[in-house]
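> Here is what each chain is made of, one letter per residue.
Protein chains: 2
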Amino acid sequence: MTPQEFRANGHALIDWIADYIEGIDQQPVAPAVEPGAVRAHLPEHPPEAPESFSTVMDDVERVIVPGLMHWQHPDFFAYFPANNSYPSILGELLSAGLGVQGMSWVTSPACTELEILMLDWMRELLDLPESFTSTSEHGGGVIQGSASEAALVAILSARWRATKGAVNHDGDTGRLVAYSTSQAHSSIEKGLRIAGVGAGHIRIVPHDENFAMRPAALTEMIAQDHAAGLIPFFLCSTHGTTSSLAFDPTTKLGEICQRESIWIHLDAAMSGIAALAPEYRWVNAGLEAVDSYSTNPHKWMGVNFDCNLYWTTDRVSLLGALSILPEYLRSSAAESGAVIDYRDWQIPLGRRFRALKLWFAIRCDGVESFQTMIRSHIELTQELAGLVADDHRFEIVAPHRLNLLCIAVRNDDLDAANAATESLLERANASGKAIFTKTVLDDRKVLRFSIGARSTERRHVLDAWQLLADLV
Amino acid sequence: MTPQEFRANGHALIDWIADYIEGIDQQPVAPAVEPGAVRAHLPEHPPEAPESFSTVMDDVERVIVPGLMHWQHPDFFAYFPANNSYPSILGELLSAGLGVQGMSWVTSPACTELEILMLDWMRELLDLPESFTSTSEHGGGVIQGSASEAALVAILSARWRATKGAVNHDGDTGRLVAYSTSQAHSSIEKGLRIAGVGAGHIRIVPHDENFAMRPAALTEMIAQDHAAGLIPFFLCSTHGTTSSLAFDPTTKLGEICQRESIWIHLDAAMSGIAALAPEYRWVNAGLEAVDSYSTNPHKWMGVNFDCNLYWTTDRVSLLGALSILPEYLRSSAAESGAVIDYRDWQIPLGRRFRALKLWFAIRCDGVESFQTMIRSHIELTQELAGLVADDHRFEIVAPHRLNLLCIAVRNDDLDAANAATESLLERANASGKAIFTKTVLDDRKVLRFSIGARSTERRHVLDAWQLLADLV
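Protein sequences, first through last, are from chains A and B.
When we follow this note's numbering, the leftmost residue of the first sequence carries the number 1, and every step to the right adds one.
When we follow this note's numbering, the leftmost residue of the second sequence carries the number 1, and every step to the right adds one.
Isolated chain A (complex conformation) (with noise of 0.2 Å):
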């Protein structure tokens, strides 16, 4: 592709995405297509000679787009939102155009210093502790792939300080024991399992009836691991969980770990956002407590996946835990110890320059538009809640603070009402009218009505709750 094409084909492509973009409730929300009948619509093998752009977006036209589930469409209720916005998108493909590596900051310090200010602005926007500042004494944040990797960097590092940097060398797990409820994301017990923690280590602490941490059974529990001549190291506090958004008591959590010399992650992957707005700032309570926080721009701020912020208060057990050095990666400035060389901050070596999507889209669309659009999901939500709470059909299972609903269909045995919302599931889905996915919580199942697609507006809310009331 010569230069004077690729400008005619990406002021095309660009034409293609605003039109993609404004027209999405055009298509269904999720496609019919059975397993392997994407790829029987392209050639088996690699074409000889070149092809044109336009025969290839043709292709994505015909048998892409098809076959894609539309994350962006409004009528998209399912799993968590990943919306994106018209500046990241630039911002990303700016990122692409300088094709520059910011593993060290030597290998190109303005992607290095771009990303600290990032974390320093967002740290301000969210309202978070002082103690996160990249200029604080021993915080400071990175921009990672996505919160399952922030939480395997908070297991790491946890694990460095409590073996006080052995198990670099001996590689000795045994006695490490870690904590979470059965409502944590899969991502905990993923990340442990990676850094040698098994399911056998991995205690769920029981929840209450909101599905929050019971602090008194971790209290309980951490004595017995104690007893046992176990250490544990590790607890994950999770505000918004995937399943209802419940939120953990991460004040009294932070209390019970501190004593214990346990780190804390808070993950708030999506919740955390929340706080842009300041009447929401409700989310980061007890973050003062933690030694390492996780939150996702590219689940609810416009900001195009991938973009988690992973702040730590430690990062000393950080470096310690992730940093090794190659001689053909040293440089002056590193040994100098005035720069920050991400790649020891994160798993993988190399990274792209991800701080250039939410630089712009902080600057081009505003911290207001997110307000906005956080506010609208919460309020459609709320308003959701009190339609379904006046159809004596359903009920609504988990507390709903913030964009999430947690509905069942009501029956007082549990097997029919089970299987009556799963029916009802998935006959709202075959629809194509909208898409929702389910949970369980304790033992029942449960439809999730997540509100936060960008394009999201009441008349969708509205439409997607008529879908379930028509077909129940």
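Hints should not be assumed to be uniformly reliable.
If chains are identical, the list can't say which one is meant, so a pair holds when it fits in one copy or spans any two.
[Claimed, not checked] Calculated lysine to any residue pairs in the SDA-like style (CA-CA distance at most 25 Å, straight line):
id, residue 1, residue 2
1, Lys-164, Ser-186
2, Lys-433, Pro-46
3, Lys-433, Tyr-328
4, Lys-252, Arg-427
5, Lys-433, Ala-334
6, Lys-164, Ile-324
7, Lys-164, Ala-199
8, Lys-433, Arg-330
9, Lys-164, Gly-174
10, Lys-433, Val-33
11, Lys-252, Ser-52
12, Lys-164, Arg-259
13, Lys-433, Ser-332
14, Lys-433, Ala-333
15, Lys-252, Tyr-280
16, Lys-433, Trp-16
Hints are computed from structural coordinates only; laboratory data are not their basis.
Got chain A sorted already, so can you dock chain B onto it with the hints?
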């Protein structure tokens, strides 16, 4: 940013990128900035109100670009290449514009199915074993973010297999031992450390004068570890080491590892791509014996970072190590076994639609363009080697079968040679005319002359050589 503004700003940014890439040699290849200088030119606090896109782009030009090392610059001879290309940039743009999640098949079937197809296309283009295809009994491939993540996934798969899955429950890695040379990439030690295999159980196998692993030494070390009651479980063989592009003897290592049931991971991060050209398929020697293989289109194929390809012939161990299935991610498609859920093939949960940039590059630029680029880089390196060999002030200190030349200043006194090489490197880089990086091969300091930028032509190599010859 309105859709109208996005169109106008997007067109302008596309043109800006074309101007940047076509005029990149007008920039100094490396920035002349002190730590903190970039940040000092940007506002300490986020803006109160939205700003225009052109204001932001002014800052990109004024502050960001002068703070970058330009990895696409023709005078970039540092590290490894990370070249991009026009079609690939557009593929990344489309991925950002669609904003879909490919964590499971059901969350966007086309995202998974195009990726499977791209791995099969690449297997064919690189002439890799049939046992890597998605339709083979136990094999298949996936796009990872980086070779570091690929290595970690390999280590976790090996750990699962060696412990017959017990590690998921007991986390016991106490008897596991891994092997590589000192020339293996730092991500191998980092990955082993993450997986709970400390430095005390990482054996550095001696290398020969070509920096390749000595099989006899490996056999001996394995026997000693067996005698000590340990479990040899993982070996990293490298095709094209970071320091000198050395090749470990994978065929012989494979025989040993198969006999000992050791997982053999082949890291061919940059050099593996050379197999696109049939005359360089010797880089694939021994691949039939490996359990996993990794190479990077984002290094030497014009597919911008991140795009690592990871294949394994043992999907069972991969899934055993990494799959976790919470209620909110269950789907009937996955439970029928008819689809691949790529979240179980990687560390994170979420994933971008990265197959698009590979598809765009292969279709729009075509494999011949990659072959032409690779051949040119290798031929230039061989021509350069001739020039260096003819200059008695220098010596070539490692084999140079591909696109990296390792150079040292000649002096019978090693300390003097090292001081002279280091001084030469510093002065060459300070000239602003080219950028090189250093390494240490055994005790000898080395200037690495890596030829891999898409824009590098003969004149750039000759000028860079003249620079070294003038400064020595």
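> All the hints need checking, so say for each whether the structure fits it.
Taking the hints in turn, this is what the structure says about them:
1. Lys-164 <-> Ser-186: between (27 Å within a copy, 22 Å between copies)
2. Lys-433 <-> Pro-46: Answer is neither; intra-copy 36 Å and inter-copy 39 Å both fail.
3. Lys-433 <-> Tyr-328: between (55 Å within a copy, 20 Å between copies)
4. Lys-252 <-> Arg-427: neither (42 Å within a copy, 58 Å between copies)
5. Lys-433 <-> Ala-334: Between copies, since 23 Å is at most 25 Å while 54 Å is not.
6. Lys-164 <-> Ile-324: within (17 Å within a copy, 30 Å between copies)
7. Lys-164 <-> Ala-199: Cα proximity of Lys-164 and Ala-199: in one copy and across copies (23 Å, 15 Å).
8. Lys-433 <-> Arg-330: Close across copies (21 Å), not inside one copy (56 Å); limit 25 Å.
9. Lys-164 <-> Gly-174: both (14 Å within a copy, 18 Å between copies)
10. Lys-433 <-> Val-33: Classified as within: same-chain Cα gap 16 Å, cross-chain 54 Å, threshold 25 Å.
11. Lys-252 <-> Ser-52: Result: close neither inside a copy nor across copies, 61 Å intra and 45 Å inter.
12. Lys-164 <-> Arg-259: within (17 Å within a copy, 38 Å between copies)
13. Lys-433 <-> Ser-332: Answer is between: at 20 Å across copies they meet the 25 Å cutoff, but 59 Å inside does not.
14. Lys-433 <-> Ala-333: For Lys-433 and Ala-333, only the inter-copy Cα distance (20 Å) is at most 25 Å; the intra-copy one is 56 Å.
15. Lys-252 <-> Tyr-280: within (20 Å within a copy, 62 Å between copies)
16. Lys-433 <-> Trp-16: Within one copy, since 24 Å is at most 25 Å while 40 Å is not.
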